[in-house]
Amino acid sequence: MLQVESLRKSYGERRILQDIRFSLNPGEIFGLAGENGAGKSTLLNILATLLTPDAGHVSLNGLDYADHQKQVRSHIGFVPQELAIWDELSVEENMRFFEKLSWKKQSRDVLRGLCQGMQLDKWKEKAGSLSGGQKRKLNLAISLIHEPDLLLLDEPTVGIDMRSKKEITAYLKELAASRKTMILYTSHDMDEIRELCSQVICIGKDPFYRDMLKAAGKPIQVF
Amino acid sequence: MKPLLQNRLLFLKKQAFSLLFWLVFPLLATCAVMQLAETAQEETKIPVGLAVEESSDLARTFTERLSSYALIDVRIMPAEQALRQLEQHQLDSVFVIPAGFEAEILSGSRHHLITGYRSDRSFAYAPVKEMVLSHVQKIAGRYKAAVTVEQLSEHLGQEQTWPAKEVIATADTIEKEQHLLSSHFSYAGNQPASKEGILLNPWGIWAIFALLSAFFLFDWVVKEKRMPAFSRLNFMKIKPKAYLLGNGLIYVGITLVFDACSVIMLSNLYETAANVRLALTLFLYRLAISLIAFLAALAMHKLPAYYGAGAFLALCFGLFGGAATIGASWFDYLNPVRPVMDKEPSIWLPAVLVGVVIIWFFRKESSDASS
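Chain order of the listed sequences is A and B. Per the working numbering, the first sequence starts with residue 1, numbered consecutively. Per the working numbering, the second sequence starts with residue 1, numbered consecutively.
Because the hints were derived from the structure by calculation, they are not lab data. Among the hints, erroneous ones may be present.
Stated by the list, open to error - Each pair of labels, with its calculated beta carbon distance range:
#1 A:Met212 / B:Trp360: 47 to 57 Å
#2 A:Ala55 / B:Pro228: 22 to 32 Å
#3 A:Met162 / B:Leu28: 48 to 58 Å
#4 B:Gly246 / A:Ser107: 15 to 25 Å
#5 B:Pro228 / A:Asp206: 27 to 37 Å
#6 B:Gly246 / A:Lys70: 13 to 23 Å
#7 B:Ser18 / A:Lys166: 38 to 48 Å
#8 B:Ala16 / A:Ser131: 23 to 33 Å
#9 B:Phe312 / A:Lys166: 28 to 38 Å
#10 A:Glu88 / B:Trp360: 35 to 45 Å
#11 B:Gly253 / A:Glu88: 20 to 30 Å
As the list claims (entries may be wrong) - Derived pair list, reagent style DSSO-like, types lysine-lysine, alpha-carbon separation capped at 27 Å:
#12 B:Lys223 / A:Lys126
#13 A:Lys100 / B:Lys223
#14 B:Lys225 / A:Lys105
#15 B:Lys13 / A:Lys122
#16 A:Lys100 / B:Lys225
#17 B:Lys2 / A:Lys104
#18 A:Lys124 / B:Lys2
#19 B:Lys144 / A:Lys100
#20 A:Lys122 / B:Lys14
What the hints assert, rightly or not - Partial list, computed: chain B residues near chain A (C-beta under 7 Å):
#21 Gln6
#22 Gln81
#23 Ile238
In this text the structure is predicted, and so the values were computed from the model without any measurement. Backbone N, C-alpha and C define an ideal beta-carbon position, used for all residues, glycine too.
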């Protein structure tokens, strides 16, 4: 379970996050919405242990972020918005590369199964020559090698075709249901959030997103 | 280390040509520069005509010694031909060893033993003449001393006689064995020409090219640390710093294998002794330049600036006390190339750099992203 309590973060005089509190249970998918600059990436980076908050507490499966950073990281899968893959290596080599550095050893079949699960079949093809959607799938598959309990995704479907979007969201739903993975998902695509997330955390001052989500009948938490 | 090695091999397979090029670059570039230097030196020798009008041992010894100097191209020919070529400015100067040269010296004469000729375009006549004179004086002095010893021996009626030729032969042997006397011809105080006629130190040249190639070999640090894929290492068992350091050690290992080949090849080519001392010197040098390149790559974010820094350092070490010059300045102490040229192992620079790397490795980052 991910527990976030009274989280605050400022950059100089500018207050970005104020009193953020929520909890995410195993198998739940939460959306994170808000205008650009609202603090979505800051919150995601704090939850990924890449930033420390000014105040508040975060814990994952009972492990406090402040005291057990190394252990916490071994349970997190982070999918950055940029494509964090090696273009000159093939899909297989990318998967093998990160598996060797990972917390958990996985067989070649498991690695291949991860890719096939999201319809990424070009196992021997160079990552640089894949389509945008296939690259996004590889970006996600690498983050799942060590079977994380918490998956943080920063706009994982930005700029890709509808079919790849559907395949990725279907895979994430299946992942949450079968492995009870906790998923926190940021996106500007409200259709995607409505379809995928059980609850949405809205941050920022712009009422556009919260009004849209309220109208769609989604449970939201506003900060 | 095994996972890092396996992962590095994935990249090295894709960059095999570039890797191989930079690994053999110091050796090939050194051979090329040395070859160029030797060719240039051959073409810039001072043409000196030598006319030998007697065939004594003394005249032959003198001719051989004069011919052995790297910067002089001694052309033996009859006096008339030599003087004609001097008039045509094909020769810089001409020296004639007249008939009776040995007899004159053995009789103790030290005047007008050799005749020298110059033209109005003889730019090197003065230093060549000085060198010839000093040799003639040396030989004449030795012969006169030997004759005196022989005469004294006879005069005093000693049982054991001291023939002049035997004294001279013994003196020559002692000189050769113990290097009692030596003279060199050089331009404006430059490094004296060695017996092989090479003005440049092959290890100094190799060291400079090795430094340059180290910067190109370690450019992966600059390239990889700015890639989004690198940020994933924050969530891996092997952390970014351990990844960089481990891969750095792999590169040092690979370069050491090629350094060993360079030692064998350069030692054979340039007749220098390949021993444990040289191996230790090169190992410490390799460690130092690898760490310099590694730390520079960590500090820099743009490849042109990084390559520029490498070229600048190589130029500095080359120009100030490097391969082409001999300097006694304080810079020699700091210059990592100097111990390689002198084949004297130097531990202080690698030790300091290892210390810096240890501090970097254990220092907590201001942002806890990569801690």
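So, going through the hints one by one against the coordinates:
{"no.": "1", "hint": "A:Met212 / B:Trp360: 47 to 57 Å", "verdict": "holds, 49 Å"}
{"no.": "2", "hint": "A:Ala55 / B:Pro228: 22 to 32 Å", "verdict": "holds, 30 Å"}
{"no.": "3", "hint": "A:Met162 / B:Leu28: 48 to 58 Å", "verdict": "holds, 55 Å"}
{"no.": "4", "hint": "B:Gly246 / A:Ser107: 15 to 25 Å", "verdict": "holds, 24 Å"}
{"no.": "5", "hint": "B:Pro228 / A:Asp206: 27 to 37 Å", "verdict": "holds, 28 Å"}
{"no.": "6", "hint": "B:Gly246 / A:Lys70: 13 to 23 Å", "verdict": "holds, 18 Å"}
{"no.": "7", "hint": "B:Ser18 / A:Lys166: 38 to 48 Å", "verdict": "holds, 41 Å"}
{"no.": "8", "hint": "B:Ala16 / A:Ser131: 23 to 33 Å", "verdict": "holds, 28 Å"}
{"no.": "9", "hint": "B:Phe312 / A:Lys166: 28 to 38 Å", "verdict": "violated, 54 Å"}
{"no.": "10", "hint": "A:Glu88 / B:Trp360: 35 to 45 Å", "verdict": "violated, 27 Å"}
{"no.": "11", "hint": "B:Gly253 / A:Glu88: 20 to 30 Å", "verdict": "holds, 22 Å"}
{"no.": "12", "hint": "B:Lys223 / A:Lys126", "verdict": "holds, 19 Å"}
{"no.": "13", "hint": "A:Lys100 / B:Lys223", "verdict": "holds, 21 Å"}
{"no.": "14", "hint": "B:Lys225 / A:Lys105", "verdict": "holds, 24 Å"}
{"no.": "15", "hint": "B:Lys13 / A:Lys122", "verdict": "holds, 20 Å"}
{"no.": "16", "hint": "A:Lys100 / B:Lys225", "verdict": "holds, 18 Å"}
{"no.": "17", "hint": "B:Lys2 / A:Lys104", "verdict": "holds, 15 Å"}
{"no.": "18", "hint": "A:Lys124 / B:Lys2", "verdict": "holds, 23 Å"}
{"no.": "19", "hint": "B:Lys144 / A:Lys100", "verdict": "violated, 83 Å"}
{"no.": "20", "hint": "A:Lys122 / B:Lys14", "verdict": "holds, 19 Å"}
{"no.": "21", "hint": "Gln6", "verdict": "holds, 6 Å"}
{"no.": "22", "hint": "Gln81", "verdict": "violated, 69 Å"}
{"no.": "23", "hint": "Ile238", "verdict": "holds, 4 Å"}
When the structure is compared with the earlier hints, violations turn up for hints 9, 10, 19 and 22 and for no others.
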